[in-house]
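Asks: Protein sequence lines correspond, in order, to chains A and B.
Here the first sequence is numbered in this note's numbering, starting from -18 and rising by one per residue.
Here the second sequence is numbered in this note's numbering, starting from 2 and rising by one per residue.
Keep in mind the hints are simulated off the structure, nothing from the lab.
Note that the coordinates shown come from a computational prediction; the quantities given were computed from them, not determined experimentally.
Backbone N, C-alpha and C define an ideal beta-carbon position, used for all residues, glycine too.
There may be inaccurate statements among the hints.
[What the hints assert, rightly or not] One-sided and incomplete, this derived list gives chain A residues near chain B with beta-carbon spacing under 8 Å: (1) 119; (2) 609; (3) 701.
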Amino acid sequence: MHMLNKHQTQSADLVSDWIDEIGHLLPAQGPLKDFIHHNTLHAFQDRPFFEACLAAYRIYGAEPLMSETFYQSKFAQGVISPEFLKIREREQEPEFEELEPSSAVVSDWDARLGFSLSGVLKRPLVRYLSHFLDQGIAIHAYSYESLSFYDWIRQLDRESLFGIFPGKSEKIRECLKLEPRQAIERALGALVLSSEHRRGYLSSTAFCLPGWAGLVHQIELNPGYLNSPRKIALDQWLAFSLLYQWSLVEKTLGANFAPVSRSNHHEKRTLPIAWKRRKALHQAFEDGVYQQAFDVLSAAVQGGKNRGAAPAIEVQAIFCIDDRECSIRRYLEAMDASIQTYSTAGFFGIDMLYQGYGKREPVKLCPAPVKPRHLVREQATRVGAEPSPTRTDWFMSGAQPSFIRGWLTTQAFGLLSSFRLALDLFRPSFSPLTSSSLTWIEEEHELLYTFDPNRPKTEDGLQLGYTLEEKVARVAGVLKGMGLTSRFANLVAVVAHGSSSANNPHFAAYDCGACSGRPGVPNARVFCSFANETAVRLELAKQGIVIPETTYFQPALHDTSQDQLRLFDQERTPLELRSRLNQFRDSFLQALKWNSRERTRRFESAPDDGSIESAHEHVRERSQSLFEPRPELNHATNALCVIAPRRVTEPVFFDRRAFLQSYEPSSDPDGLLLSGILNAVVPVCGGINLEYFFSRVDPMKYGSDSKLSHNVVGLIGVSHGVESDLEMGLPTQMTEVHDPVRILFVAAQKPEIIELAAKRNPATWEWIANGWVHLASLDDLTGKIQIWKSGQWMDVQTSDQPPRIYERLEDTLRDSSENLSFGLWKGGRSHV
Amino acid sequence: MSNTTMTPVLVVLLFFPIFVFLVLKLGSFQETTTHFIMRMLVISQTVAVGFLLYHRWHTGVRLEEELFAWQLTEDHSFRLLLFVDNLAFEFLILSTALLGMITRFSRTYLHREPGFQRFFAVLALFLAGLNWVSLSGTFDLLFLGWEMVGIASFMLIGFYSHREQTVKNALEVYSIYRFCDVGFLLSALFSVYLFHHTQGFSEFRTTFFPESMEQLHPLAVWGLSIALILAAMGKSGQFPFSFWLSRAMEGPTPSSALFYGALSIHLGVFLLLRTEAIWGHSFATRALVFVIGGVTLFLAVGIGRLQSSMKGQIAYASVAQVGLMFMEVACGWRVLAEFHMAANACLRSYQILISPSSVAYFLKVQSSSQRPSARDHGSLESRLPSRLRSTWVVFAMREAYLPDFVRMFSSGFFRFPRSILKRWGNSGTLVAVVILAIISILAPSESFAVAVFLALLVLLNTVCALHVKGRNLTVWFWIGALTLAPAAFMAIRLPESRAGALWFAAGIIPFWLLGVWEIVFSYSRKHEWIRLRRSLLWIAVLGTIGFPIGPAFLGEDMLMHVAVEHHPFFGVALCLSFVWCGFTAIRWLMYQPNSRVEYALNR
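Bound-form chain B, shown alone (with noise of 0.2 Å):
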C-alpha cells in the first residue's frame, strides 16, 4: 500500500516536537541557538505537511494508517493509529502556518527575555499537542495530544510565575481543564464500554449508522455524547466556562495570540466535528449544542461590549465566533464551521499581536474625529430602558455569574474533605484511608455494594488529596500514593488488572523517585542550579501525573478496561482520581518559591 510510504512522515510529525520539547526543556542553550532548532522544527513540520498534502492529492483517499499495535496482554493492545482526512489537513496546516509566523514574532519580541527558551520548549510541546489531535485515529491517542495542549497552555499562561496573579489564572485556567478532562476520559470510557476494544474514528461513520445503532446501549450511547460535549465546552470556552478565555491573556502577547486566540480554543470545535456520528445522531444532542453555542454567543457578546481592555474585547469577540461555530456545526453545515474556524484563527491571532498598538492608533483616530470618543452612540444597550440597562451592565460585569456558577459546584464538592483533614490532618486521613481499603479489599464478596464503596474511597482519597497542605515532602508523597492508591485497589482485588497497574507503576515510580531526590537533594545546591532543577521537577511532575513521557498512560488505559468491564463506576472514580492528582501536583508545583528566587537572580 502507498499508505506505509507515509509512516517516516507521520513519525517526524508526532514524535519531532516532543524530542525538540525535550532538548529545549533540560538543556541550556544560547538564543540563536534555540532559534534555530526551532526552525528546523517549523521546516520539518512544514516538509512533512507538504508531504501528506502531496500524497493525498495523488491519491485522494483519507489516509488511515496503523504506525505499530502493541500487545500488551492477551485481551488487550496500545494501537497508535492515525487518521488523516480534510479536518485533520486543515488544522494541521492551520497550525504550521500561525506556529510558524508565530515563532518568528516571537524570535525578536522575547529577546533577551529570562524565559526565551522555556517559551520555545512550550511552543514545541504545544506544537506536538496539536500534531497528535489532529492525526489522532482514536479516542486514546486523541486524549494524550489534548492533555500536551493542557500542560502547554497552563505552562504558557504562567509563563510570568513571579506574579501572584498571573499563578491564579493560571491554575484557574487550568482547573477548567482538567475538569473538563473528566468528560474527556468518561467519554473514552463509554467508548470502551460500547464496543470493548478502541475503535478508531474511521469506524464511526458505520458504527453510528441508525440500523447498527439498535444493538447499542442507548443510555451509553447519550453519555458518551454528554461527555464529549463536556469536553468541547471546556476547551472552546463555552457555557457556562466562557470566563476563563480573559483570564488566560497572562503570557507573552505571541503566546495568546496563538493559543488563545488561534488554535487552543478551536479544540473543541475540532473535537465536535470530529465525533460528529456518535453525538450527531439524535435531535436532542445537537439541540444541546446549537443552544449552548447560541447562549454563549449572546453571553459573550454582551460581556464582550463592556470589556475595556483589548486583550479582554477580543478574548470575548473569539468566544463569541466559537459559539457560532458551535451552532453551525449542530445544524451539521460542516464546510462552514471548518472555514469559519481557519478565519477566526487567524483574524484574532492577528488582532491580539497588534492590540499594543490600540493606544497609538485609537488616540489618533478620535483626536481627527470631531465626534466625542466614547463610541456609545447609537449603541444597543443606550435604547433598553435605564433600569433594564443598569441590570444588563451589572449582569455584564458580573461576567455574567458564569464564575460563581462554577465554583458552587466545586466548592460544594470539596468542603466535605476539607473538614475531614481539618478534622483530622493529614496523616489521620491517611490511616482512615488505609484501615477503610484494608477492610473493603479483604471482604470476601465480589459483591456490588463492596465495590462501589471501594470507588467511594477512592474518590474521597483524591479530593482529600487536593487539600494536603505541609512540607514539600510530605505534599510529594502523598501526590504519589493518592495517584498509585486506585491501581493498588484494583491490582488486589481484581488479579486481571494487575499487568496494567504494572505498567502504572513502572511508569509512575520512577518520576516520583525524581522528585523525591530534586526535592531533598537540590536545596542545599547553589543557585546556578535552580533553572535545571526546575526543568527535572517538571519532568518528574509531568511523569508522575501520568504524562505520556513514560509507560504509565499504556498502563492507564489497561486499568481502564479492566475497571470498565468488571464496574464502569469504578473506571470513573478511576478518571477522576487521575484527573485530580494531576491538579494537585501542578498547583504544588506553581507555588514553589523558587520561581521568584530565579527572579531575582536574573534581575
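With the rest of the complex left out, here is chain A (with noise of 0.2 Å):
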C-alpha cells in the first residue's frame, strides 16, 4: 500500500513535470487588448540563434528562416554583397543534429480510427474553451467567474442528460472526478502503451491546438490578463482533452482497445532544406544592412565635426524611441532650426496603472516586463460631471440571434444598413467602430498623481500615486538618461504615441509597445506634470539638473497612422508661451505632411500627385476605412537600434527604420545610464524585431496569416473560421514588406563600458550573448565601430564608397516601396 502511494507521487510529479515543460514551449501571446510585441521564440531564449531555430523547427514544424528565393532576390538587389556571402559560407561549420527520435503522437490513432483523431476533436475542444473564456460576445454565458473549467466541465457532464462526452464510458466520467493531473496520468496510461512514450504524447496534445493551450498558460500564469477573470489552468485543459480523446476511441474501437504503442511516423526529421546555405545567406544578408548601417553613421560622425555652431534652441521636443518617429523628428527639426528633438521609451519612465475617468478597469501603461506598484487615477474637473457617455452602434449590438426583437429590428434596420456600407465605402469617418488614439482620451480630467498618505493602498496592493522622492527618481531617470540635463529650452514638448484604425483586431499592435499596446498619451502627462512641480525641480537641482522657471513641459500626442498632433492640458500652458506653443504647433503640422508623404512611398493606392496635402489626406482616410486592411506599416521596417546623441543620428537618413534612443557618452562614464536604457530597449525593441522576424519567416505557424480572413473570438484572439485554433503572431498584412533581419544596437559608448553596461542584468546579456541581437559601439568621436561577434569585439572596416547622400527633402521621396539605402540626410535645418 505505501509502495503504491510513493509510485503514483512520483509519476504524479513527472506529470507536473511534463506540463511545465509543455507551458515553456507554448506561445505566449495575451489576449488582444494586451497585444505586446515579444520574442515569438522566447522559450529557447536561453540558447544561441540558430540553435533555438533548429530546435523551434523540430518542435512546430515551423520554417526558421526564408526560403532561398528571398535571399536570391536580395542577392540580385545588391544588398547580399558576394564577399560577405563568401566569408559566411566560410564559417559554417559541419552540423550535428542528431535528431530525437518521435515518440507516440495523437495522429497516431488515425490509421486505426479510419480518421483524423486530432481533426475530429478540436471542434468540440475549441466550441467549450471559447465559451468558456469569453469575454462579452455570447449572449448567454454561465457566471464562470466562480467556477474553474474543469469544475463547469464536471458540472455540465454531471447535469447534463446527454453528457459531455462522445462515448458512454463509465470509466471516462469516473476519471472526471479526478484532480487534473491525476486524470492527465490515468487517460495517459488507457491510450499509451509504454510509459517513455506518455510525455510526447502529452505533449502532441497540447500542440494539436498550440494557439489556445498557450491562451490557457498565459491566463493561469496572468489571472489579471482578463476583464472577467477566469479560472483556467493548463492541467485543466490537457485533462479534458486527453479525456475527450479517450472517449472518441474507445467509443470508435470499443472498450478493449489496444494502446497506441510507437510512433507510425516513420519519415525522418532532418535538416530544413538547404539550410547552410540558407544560413549563410542570411546572415550575409544582415551584414549587408549593417554595413550600410556603419558606414552611414561612421561618416555622420566624422562629417558632424566641422560642422558650424548649432542655432539657438528654443523648443525641446521629446519622443518614443519608436522607428516610426525617426523620420517626424528628421522633418521637424527641418521645418524649424530651433527645434531639437529628444527621444526616450515612450513610457516615459512612468510606470503606472492608470485608471481613466469614468472607467471600470485600469490600464497597463508601461513595457510589458515591468510590474507596476502605482495605480494613476482621473477625476472630474468639476463636481458632478458625468463621465462622457460611450457611443454604442447598433449595428454591432444588435448581432444576437433572438426571436422577435431579431425579426423587428431586422425588418426596421435591415436596409439601413446598405447606406450605411455605402457611406463607409465612400466617405470613411470616424465611429464608434474605429479605434483612435486621438479620441482615446475623449476630455481632459484632473490626474491624481500624487501620493496622499491619508489615502490608503487599493486592494491589489498597489499605491495611489507617486510620492516626491519617485517623482524626482522619475523625471531625473528620463532626463539623464537622454542626456538633456542643462540648457533645458523654454518649452519642452513630451509627444506620446499612438495610432488610429478602423475594423482591425490587432488595433493595440499598433500602438506604443512601451506602454503595453496603448497611446502612451497619460504617461505624457504625468510625467509633464512631475517635471513642472516646483517641488521636484528643487530637487532636481540638488542633483545638478537645473530646470529655469520659464521652462514648460506640454504633452502631447502624435497619431502614427494618420499623422495628426493633439495638444493636452493646453489651459496650463503659461501665457507668455502660448505663441510660441503655436509655432511648434504649426511647424509640427508641416513636418508631418512631409511625414505622411514620405509614407505614402510605400502605398500603392497613394495619389501620385506628390502634393504633401494629397498624401495626408490619404494617410487620414486610410486610418478611417473599414475596408483598409494596412492602415499604417507599423514597425515592418525597423533592423536598427541606435542609442547616441542626436548629433550623431541627426545627419542620417534611416529611411524609418531605426528605434532612437538619446544618450550622452560623456555624462556615463560607468555605464549605468546605458545599463538602465539597455535594459528598457533591447527587450521592447528585440522583441518587436524578432515578433516581426517570425511572422514573416513563417507566416502560417509563427504568424497569423492572412488577416482576411480573421474572425473574432471571445474579444481575446483572432482564428480563421468559427472553431478553430487561435492564431498567435503578426498577420500577413503586417510583416509583407518587412526584410527579417536581427535588430542590430548601436551604442555610442566605448566597448568595455558596454559590454559592462550590458552584463549588469543577466537578462539583457542573454539576448546579446545568444545572438538574438546584434551590439556595435560606434565612438562618437572618431567614428570607429567595433561588433561584438562570437564572444568578442571585432573592428569593423567602413566600405570605401561613399554613403549615398540625401540633398532635398524630395529626395527621400521617391516612388519605390522597396527600402532606400541608409544616407546622409543636407536636407536638415531650414532648408525647405
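Mind docking these for me? Both chains are given alone in their own frames, and the hints should help you get the complex.
Replies: Listed below in C-alpha cells is the structure:
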C-alpha cells in the first residue's frame, strides 16, 4: 500500500514536470487587448539563435529562415554582397544534429480509427473552451467567474442529460472526478502503451491547438489578463482534451481497444531544406544591412566635426524611441531650426496603472516586463461632471440571434445598413467602430498623481500616486538617460504616440509598445506634471539638473497612422508661451504632412500627384476606412536601434528603419545610465523585431497568416473560420514588406563600457550573448565601429564607397516601395 | 412585341458575367486591370438592371421571353426561357447593389493578396449564377444558376486552400450542397414526369390551379414538393442542415459577407417563393415548411446565443431569420418575406464586414460601463433550473446533434461500397462492375427487374467512385469512366437515348482529355506554370462534372427526359451519379498538393 502511494506521487510529479515543460514551449501571447510584442521563440532564448531556430523547427515544424528564393532576390538587388556571402559560407560549421526519435503522437490513432483524431477533436474542444473564456460576445454565459474550467466541465457532465463526452463510458466519467493531473495520468495510461512515450503524447495533445493551449497557460500565469477573470490552468485543459480523446477512441474501437505503442511516423526529421546555404545567405544579408548602417554612422560622426555652431534652441521635443517617430523628428527639425528633438522609451519612465475617468478597469501603461506598483486615477474636474457616455452602435450590438427582437430589428433597420455601407465606402469617417488614439482620452480630467498618505492602498496593493522622491527619481531618470540635464529651452514638448485604425482586431499592436500597446498620453501628462512641479525641480537641482522657472513641459500626442497632433492640458500652458506653442504646432503640422508624404511612398494606392496635402489626406482616410487592412505599416521596416546623441543621428537618413534613443556618452563614464537604457530598449525593440522576424519567416506557424479571414473569438483572439485554433503572431498584412534581419543595437560608447553595462543584467545580456540581437559600439568622436561577435569585439571596416547623399527633402520621397539605402541627410535645419 | 427589345439586355445579364469569369480565371492581370474589368461588369450589370426596371415601369407587365429554343431531337428541345417578375427584380437589385459595393470594398481589402484575381473571378461566377437563378423561367435554367452559385460558394470557402481546416470545411459544405442538389434534380425529374416537357414557371399558376390539379399524379406532386423543399432547406441552412453556415466562414471577410451573410443563404427562400404554386397547394406541405422554419428558428437562436465568435454568431442569427422567412412563406405572406429577405441580406452582410471592429468596440463599451462584462445577467437561460440549463448548454454546444444526425445518414450510405473497395481494390471493383453491366445489358427482356438492377448498379458504381484512391491519373480515369458509365448503359439499352448520350459524351470527353493532358504533362513543368495549370485543371474538372461550360448539360437534360419516360427510378440513379461524381472530382482537386506549393512560392 505504501509502495503504491509512493509510486503514484512519483508519476504525478512526472506529469507536473511534463506540463511545466509544455507550458514553457507554448506560444506566450496574451489576449488581443494587451497585444505586446515579444520574442516568438522566447522559450528558446537561453540557446544560441540558430540552434534555437532549429530546435523550434523540430518542435513546431515551422520554417527557421526565409526561403532561398527570397535571399536570391536580395542578392540580385545587391543587398547581399558576394564578399560577405563568401566569408559566411566559409564560417559554416559541420552540422551535428542527431534528431530525437519521435514518440507516440495523437495522429498515430488515425490509421486505426479511419479518421483524423485531431481533426475531429478540435471543433468540440475549441467550442467549450472559447465559450468558457469568452469576454462578451456570447449572449448567454454561465457565471464562470466562480467556477473553474474543470469544475464547469464536471458540472455540465454531471447535470446534463446527454453527458459531455461522445462515448458513454463510466470509466472516463469516473476519471473526470479525479484531480486534473491524476486524470491526465490515468488517460495517458489508457491511451499510450509504453510509459516512455507518454510525455511525447501529452505534448502532441497540447500542440493540437497550440494557440488555445498557449492562451490558457498565459491566463493561468496572469489571472489579471482578462477583464472578466476566468479560473483555468493548463492541466485542466490537457485533462479535458485527453479524456475527450479517450472517449472518442473508445466509442470508435470499443472498450477493449489496445493503446498506441509506438509512432507510425517513419519520416526522418532532417535539417530544413538547404539549411546551410540559407543560413549563410541570411547572415550575409544581415551583414549587408548592418554595413550600410556602419558606413553611414561613421560618416555622420566624421562629418559632424566640422559643422558650424548649432542655432539657438527654443523648443525641445521628447519623442518615443519608436522607429515610426524617426522621420517626423527629421522633418520637425528641418521645418524649424530652433527645435531640437530627443527620444526615450515612450512611457517616459512612468511605470503606472492608469484608470481613466468613468472607466471600470485600470490599464497598464508601461513596458510588459515591468510590474507597476502605482495607480494613477483621473477624476472629474468639475463636481458632478458625468463621464462622457460611450457612443454605441446598433449594427454591432444588435447582432444577436433572438426571436421577436431579431425579427423586428431586422425588418426595421436591415435596409438602413446598406446605406451605412455605402457611406462607409465613399466617405470613411470615425465612428464608434474605429479605434483612435486621438479620442482614446476624449476629455481631459484632473489626474490624481500625487501620493496622499491618508489614502489607503487599493485592494491589489497598489499605491495611489507617487511620492516626491518617486517623482524626482522618474524625471531625473528620463532626463539623465537622454543627456538632457542642462540648457533647457522654454518649451519642452513631451510627445507620446498612438495609432488609429478601423476594423482592426490587432489595433493594440499599432500603439506604443512601451505602454503595453496603448497610446502613451497619460504617461506624457503625468511626466509633464511631475516636471512642472516646483518641489520636484528643487530636488532635481540638488542632483545638478537645473530646470529654469521659465521652462514648461507640454504633453502632446502624435497619431502615427493619421499623422495628426493633439496637445493636452493647454489651459495650463503659461500665457507667454502660448504663441511659441502655436508656432511649434504649425511647424509640427507641416512636418506631419511631409512625413505622410514619405510614408505614402510605400502605399501603392496612394495618390501620385506628389503633393503633401493629398498624401496627408490619404493617410487620414486610410486610418478610418473599414476596408483598409494596412492603416499604416507599423514597425514593418525596423532593423536598427541607435543609442546616441542627436548630433550623431541627425545627419542620417534612416528610412524609418531605426529606433533612436538619445544618450550622452560623456555623462555616463561607468555605463550606469546605459544599463538602464539597455534594460528597457533591448527587450522592447528586440521583442518587436523578433516578432516581425518570425511572423515574416513562417506566416502560418509563427504568424497569423492573412488577416482577411480573421474571425474575432471571445474578444481575446482571432481565428480563421469559426471553430479553429487561435492565431498567434502578426498577420501577413503587417509583415509582408518586412526584411527579416535581427536588430542591431549601436551604442555611442566605448566597447568596454557597453559590455559592462549590458552584463549588469543577465537577462539583457542573454539577448546579446546568444545572438538574438546584435550589438555594436560607435565612437562618437572618431567614428570607429566595433561589433560584438562570437564572444569578442571586432573592428568593422567601413567600405570605401561614400554613403548615399539625400540632398533635398524630395530625395527621400522617390516612388519606390522598396527600402532605400541609409544615407546622409543634408536636408535638415531649415532647407525647406 | 416590346419584349424583344430587351433581348440584348438579358443576354448581357446572362453571359457577360460568365465571360468575365473565364477571362479572369484564365488570364493573368495586374490588380488595376482586374479591378477595371470588374468595374465594367458592375456597370454593365447596373445598366442592364436599370433598363429592365425602366421597361417594367413603362409596360407594367411581367416579362417572359424565350431567348431561343434549340430543337435537339424531334421530341425534345432546349428552351432558354426567361421570366422576370417582382421577385426576380428584387433579387437582381439586391445582388447588383451588394456586389457593386463589395467589389469596391474588396478592391482595397484584398490588395496584394496572392489570390486577388481569383477572388474576383469567383465573384463574377457568383453573379452569373445569381442572374441565372433570378431570371430563369424553367427548372433547367434555375438549376444551372444554382450550380454556378454552389461552385462559386465552394471556391470562396476554400479560398485559402493551403489550410487544412479550410479545405475540410469547404468540402463539408459542398457535400451538403450536393446532397440538396439531389433534391433539385429530383424535382426537375418529377416535373418532367408530370408535364412531359419543360414547363415555364409562369405556367405553374394555371397548372396548379385546383381544377386542373386532378389530372396530375398526386404522388408525383407530393414528391415534387418534398424535393423542392429539400433543395431549399439545404441551400438556406434550415433544419437539419443549420450547421453549415458557420463552417462556411473561412474565406476573406467580404466573401463571407456577400455569400453567406447576404445572397447564397436566401436562395432557398427564393426557390420557395418561385415555386409556391407547386408546393403551396396542400396544407400539409405548407405546414412542413412552417415547422422546418420554426424548428430552425428555435435551434439557431439557442445555438447562436452561445456562440463566442462574431462570425459564428452572425451566421446563426442569419439562419434564424431565414427560419422566420420560411414560416412567413408558409403562411403565404409573400410580400413580408420578400422584404424580410432584402433587409436581412443587407444587415448581415454589413455586420460581417464590420465584425473585426468588435474587439475595439466592445472593449470600449465595457470599459465605460460599470457593470460586469459578461452579458448574461437576466438572460433567458440563466432562469432555467440548473439541470435543464446544463443540458441545454451541452445540447447547443453540440450544435443540437445536427452534424451527427446528418453524418449518420451519409456514413450508413457509404459503408458498404467502402468495404467492397477495401476488399477488391479499385480494379477488382471495376472488373466486377463491367461484368455485371455486360450481363444486364445483354439480358434480352425489357423487364422491370433488369432495369431496377441496372439502376442499382449505376448507384453502386458512383458511390464507389467516392472512395477511389490512388495516383492522380487513376482517380481521374475513374471519375471520367463513372461519369460516362450511366450514359453508356442507357445508350446501349435504349436507342432513343443515343442522341442525348452523344451530347453528354461530347461535353464531357474534351474536358476529361484536357485533365489528362494537364496531369500527365504539367508535373514536369516549371513553377511559373502552376497558376495557369491550376486554372486549367479547374476548368477541366468543371467541364467533366457537367458544369454548363460545355454541352454536357444538354445531354444530361435529354437523358433525363428519356429515362423518366421509360423508368423514372433510372432517372433517380442518373441524378445521384451526376451529383456524386461531381463531388468526387472537386474533392480530388482540393486535395491536390500544389495549392501549398503555390502558397510557398508566393511568400
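Asks: Work down the list of hints and note, for each, if the structure agrees.
Replies: How the hints compare with the structure:
1. 119: holds, 5 Å
2. 609: holds, 6 Å
3. 701: holds, 6 Å
Hint violations for this structure: none, all hints satisfied.
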